[in-house]
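From just these sequences and the hints, can you work out the full model?
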Amino acid sequence: MSAAPGARRSTEPPIYDSGALRVPFVHEFSELIRYRFLLRNLVLRDLNVRYKRSVLGFFWAMVNPLLTMLVLLVVFTQLFRFQIEHYSIYILAGLLLWNLFYRGTSLAMVTLIQNAGIRGKIYVPASVFVAASIGSAFVNLLFALGPLLVLALATGVRPNWTWLYLPVPILQTTLLTFGMGLLVAALAVFFADMLDIYEVLLGAFFYLTPIIYPVSILPEQLLKLERFNLVFAFIDGFRSPLLEGRIPDLGSVLLATLAALAVTVVGWTLFTRLLDQFAYRA
Amino acid sequence: MDSTLHDAAISLRDVSVQYRVPTEQIGTLKEHAIRLLQGRRVEYRAFWALKGLDLDVRRGESLGIIGRNGAGKSTLLKVIARVLRPTRGRVRVRGNVAPLIELGAGFHGELTGRENVYLNGAMLGFSQAQMKERFDRIVEFAELGSFIDAALRSYSSGMVMRLGFAVATEVNPDILITDEVLAVGDESFQEKCLARMAEFRAKGTTILFVSHGLSAVRAICDRAVWIEQGQLKRIGVVEDVIDAYRTHLAHPALAPLDQPAG
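Residue numbers (my numbering), protein chains in the order written: chain A, 1 to 282; chain B, 283 to 544.
Hints are computed from structural coordinates only; laboratory data are not their basis. It cannot be assumed that every hint is accurate.
Not the full set, but computed from the structure, chain A residues with beta-carbon under 7 Å of chain B [what the hints assert, rightly or not]:
(1) 13
(2) 15
(3) 16
(4) 19
(5) 37
(6) 45
(7) 49
(8) 120
(9) 121
(10) 123
(11) 192
(12) 269
(13) 279
The structure presented is a predicted model; accordingly, all values stated were derived computationally and were not measured. For each residue, glycine too, the CB sits at the ideal point set by N, CA and C.
Here you go:
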């Protein structure tokens, strides 16, 4: 790239050929890489808009989850008295990953629909909006992670070397969220009530997943089903190293990662297949 | 491979765009599910927004696109801007395309003018560094001064428009797509825009100009194309095409009398 002001780009001009042979699955991926600056800008925009107008600014990004945690702490420890050690941190850790999944997927739908106007005027790879949503949910998680660890130490959880494993379940959940986000966002383009339906389903899913209660209270049949619940697998994989100094065995980690990857491949396939029809639905 | 693309910036071959419009208003999953349970199928009506369009735009040419509302002008721009993949036919575009359709599309009110410049630039495919290079000139052209660091929601519509025009033109596209941009804004800025368009023409940028203002088409374009019901009705010298279009509009037997534009 030429750096001289006003100079024409020295590279050959790009050629767009609608008849060119391309595999959407691969092509969209290379386009997403090419538009990484937009991806970064969209994530920053989302964070900026959310925190900029508050008095505390970006500091709010740290304080906000902390305050939310404190509220939940008071509510849950007073309402439910499960026999779990460090019950408060148990909940908060579960909610941390749940919020990544919940916010990421919902935001993916909303963002893709909201930007239909722009996508009808300027060419941008549609997957960038999904990726940006997941990215912003991920950054929000990072903001909340610090306060959670501080709170854990403050409430007497002993630091352990197994904490080093914590990034793994976070990344696993991010992968799953991306795949799921692609799926639901693609559907949301075609069905106006998709977001409403999804929120209802997610509400049910939240209570079926041991996030605010221990897995031990589940009846036998449900317990069997939980083995297929990836969100629970990742939440459990996050809580046990944090609270019990226990790391899940390699086999189950790999299996769960593969499952999340499979969801992402399915989501990406569906999304890139429907891509060309998005513009016809405006 | 025909040789036309060699000196053509844009080449359309037998391009058709078909929208499928549901005969009943069905937009939700619920309604689809109900129809499925009732054993009824959702029926669609085919609507061709473009029908077998052939068009070549030479590099450096400025082409005016005229036609009535719903004639397919916007669809044509979308197909060229690669926003819409044609149902049939082939579109080839050589060079970077910057659209000026509805100025400031993609701007965000909560962000400052500065942040919006970078975001908008990124949407046009430019990196942070590339926009940084152009930033000062953008602010200067938009005449925003210190307002560049104020939130966009505090801008007047004229300021937003100036910023949008400044970004889209400062990225130095090979092909500039404009849709009714000069209709708004005060006179001095309009003149500035026209001057910049002339600058673009001089340095060989291809310009696609959609307008109902026929005098603006006369001022800016070398050639004009008239689109009617998704088909190319006439293409050629601006005066000829405009005359034919006007005659057509004025002739009640040929066309229902719309609001004659310009």
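Against the structure, the hints come out as follows:
1. Taking 7 Å as the C-beta cut-off, the interface hint given for residue 13 (chain A) holds, the closest approach to chain B being about 4 Å.
2. With a cut of 7 Å, the hint placing residue 15 (chain A) at the interface with chain B holds, because the nearest CB-to-CB distance is about 5 Å.
3. Interface restraint check for residue 16 (chain A): the shortest CB-CB distance to chain B comes to about 4 Å, inside 7 Å, so the restraint holds.
4. A hinted interface residue such as residue 19 (chain A) counts as satisfied when its beta carbon comes closer than 7 Å to some beta carbon of chain B; here the least separation is about 4 Å, so the hint holds.
5. For residue 37 (chain A), the shortest C-beta to C-beta distance to chain B is roughly 5 Å, which falls under 7 Å, so the interface hint holds.
6. Hint on residue 45 (chain A) holds. Least Cβ distance to chain B is approximately 6 Å, under the 7 Å limit.
7. Checking residue 49 (chain A) against chain B by beta carbon gives a least distance of about 5 Å; that is within 7 Å, so the hint holds.
8. Using the Cβ-Cβ criterion of 7 Å, the hint placing residue 120 (chain A) at the interface with chain B is satisfied: the shortest such distance is roughly 6 Å.
9. The interface hint given for residue 121 (chain A) is met, as the beta carbon of that residue sits about 5 Å from the closest beta carbon of chain B, less than 7 Å.
10. Using the Cβ-Cβ criterion of 7 Å, the hint placing residue 123 (chain A) at the interface with chain B is satisfied: the shortest such distance is roughly 4 Å.
11. The beta carbon of residue 192 (chain A) is positioned within 7 Å of a beta carbon in chain B (closest approach about 4 Å), and the interface hint is therefore held.
12. Hint on residue 269 (chain A) is violated. Least Cβ distance to chain B is approximately 18 Å, over the 7 Å limit.
13. About 5 Å separates the beta-carbon of residue 279 (chain A) from the nearest beta-carbon of chain B, less than 7 Å, and the hint is met.
Of the hints listed earlier, the one the structure fails to meet is number 12.
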